[in-house]
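Colleague: Assemble the whole structure, with the sequences as input and the hints as a guide.
Sequences listed follow chains A and B, in order. The numbering used here numbers the first residue of the first sequence as 11 and each following residue consecutively. The numbering used here numbers the first residue of the second sequence as 11 and each following residue consecutively.
Each hint should be verified, as a subset may be incorrect.
The list treats identical chains as one, so a pair stands whether inside a single copy or across any two.
Calculated lysine-lysine pairs in the DSS-like style (CA-CA distance at most 30 Å, straight line) [claimed, not checked]:
1) Lys95 with Lys80
2) Lys17 with Lys178
3) Lys155 with Lys32
4) Lys80 with Lys17
5) Lys140 with Lys32
6) Lys17 with Lys169
7) Lys17 with Lys32
In case anyone wonders, no lab produced these hints; they're calculated from the structure. A quick note: this is a predicted structure, and the numbers were derived from the prediction, not measured.
2 protein chains.
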Amino acid sequence: MEELFSKVLQVNVRCRDCEERKANVRVTIELQMTTSPVHKRDLLVKLTDDQDPYFLFNLSISEEDFQSLKVQQGLLIDFASFPQKFIDLLNLCYSEQESHSPRFLLHLSCQSPVLEGPANFSVVETNAFKHLNHLSLRLAQGSDKEVKDYLAVCLSSLKAEKQALEMKLKKTEDDLSRQLSYAQQ
Amino acid sequence: MEELFSKVLQVNVRCRDCEERKANVRVTIELQMTTSPVHKRDLLVKLTDDQDPYFLFNLSISEEDFQSLKVQQGLLIDFASFPQKFIDLLNLCYSEQESHSPRFLLHLSCQSPVLEGPANFSVVETNAFKHLNHLSLRLAQGSDKEVKDYLAVCLSSLKAEKQALEMKLKKTEDDLSRQLSYAQQ
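Modeller: Dropping the structure here:
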C-alpha cells in the first residue's frame, strides 16, 4: 500500500433538501499492489474526517473499473497516469480554497437528507459560462467493518504519536533540568 | 453509563485443540441506566486487549437475564449486589496473579481453534481437591459495529490524552526555559 496523497480539503457537501455546506474532509489516495494470485493494481480513494471517527467514504478503482470510467467520463489518459492527474486536480482545489471565488471546487453530494449511502465526489471548474465537471467518482459509505479497520489504523498511529510525545517530554525535562542545574552552579 | 471496574487482568485462554496460554485482558464492568421508556439497569461486561484493537468480547446482563443466571449458577445474591460481588472476585484474581500458584484464576475458553465466536469467561478457585467455578459468563464476540464504536471511544480518549501531553510539553518547555534564563542572568 503506497500513499500517494493525503490532505484536508474543503468540500461542498450537498444532501437532498438541504442547504449546501462546507466541510473539511481528508482526501487520501493510495495505490494497492497485489502480486498473488495475479498482478493487480488498485487505486483507493478515501474520504475521512479527522474530527468524526465514523465518517468514511471510499472507492477502489481497478484497471478494469478505470476503463469504464474512462469511456463514461471521456478521459483521455490511461490508468497509470490517472492518479497523478487526479492529484493535480486536488492540488488545484487545495491551492484555491482560501480564495473568495475559487475556480476549482470539490463537491460531495448524496441523494439522502443526511450524508450517507453512496455519494458523488466531483472536481468542478466554474468559469463565466458554466460548471465543468472534470471528474466524478461514486463513493460508497464505509461499512462497519471498513470503519472498524480504518479506526484501528488511526488508533495505532495515534498511539505511536503519543509515545513519541512522551519520550520528547521526558527528554525535554531531562535536558532542561540538566542545563538548569549547570547554570545554577 | 457508570464505570464500576476496569483493570488489566491475567486470563488463561483456551481454544479447541490448542494449548492454554496466558493473556493480559482488560476487564471492564459498566452500569448502564436507562430511564425511558422504562427504568432499566443493565450490567455491561467487556473484555478488551489494550494491544489488539480488534479484541472485544461483551455481555449485557439485564435484571431478567440475572434471574436466569442466578438460578442456573446457584447464586445467592440479588442483581443490586451482583456487580460488587463480581468485582470482589476479579480483585481476588488481580491480587493473586503474580503468585506462583494462584488460588483464583480467570478463564476464557471457546469452542473454535482460534479465539472467536461466543466464549466462556469464568472465575475459578482451585483448592487441593477440585476446581470450583464461582461464576461463568457467556460472552459474545463484538460485532463489527460494536468494535467500531469501541474504537471510536478509544480514539477520542487517546486524542484527549495526546492533547494534554502536548500542553504539558509546552508548559514544561516554557517553565524550564524561564527558570534557565533567570538562572543564567
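Colleague: It remains to establish, for every hint, whether it holds in the given structure.
Modeller: To see whether the hints hold, each was checked on the structure:
1. For a Cα distance limit of 30 Å, the shortest separation of Lys95 from Lys80 inside one copy, 13 Å, qualifies, whereas the shortest one across copies, 66 Å, does not.
2. Proximity of Lys17 and Lys178 under a CA criterion of 30 Å is satisfied in both settings, with 26 Å inside one chain copy and 28 Å between copies.
3. Taking the shortest alpha-carbon separations for Lys155 and Lys32, both the intra-copy value of 28 Å and the inter-copy value of 28 Å come in at or below 30 Å.
4. With identical chains, the CA atoms of Lys80 and Lys17 are at most 30 Å apart within one copy only, with a shortest distance of 25 Å there and 55 Å across copies.
5. Taking the closest pair of Cα atoms, Lys140 and Lys32 come within 30 Å of each other only inside a single copy of the chain (21 Å); across copies the shortest separation is 66 Å, beyond that limit.
6. In this assembly of identical chains, Lys17 and Lys169 lie within 30 Å of each other by CA distance both inside one copy and across copies; the values are 21 Å within and 19 Å between.
7. Taking the closest pair of Cα atoms, Lys17 and Lys32 come within 30 Å of each other only inside a single copy of the chain (16 Å); across copies the shortest separation is 43 Å, beyond that limit.
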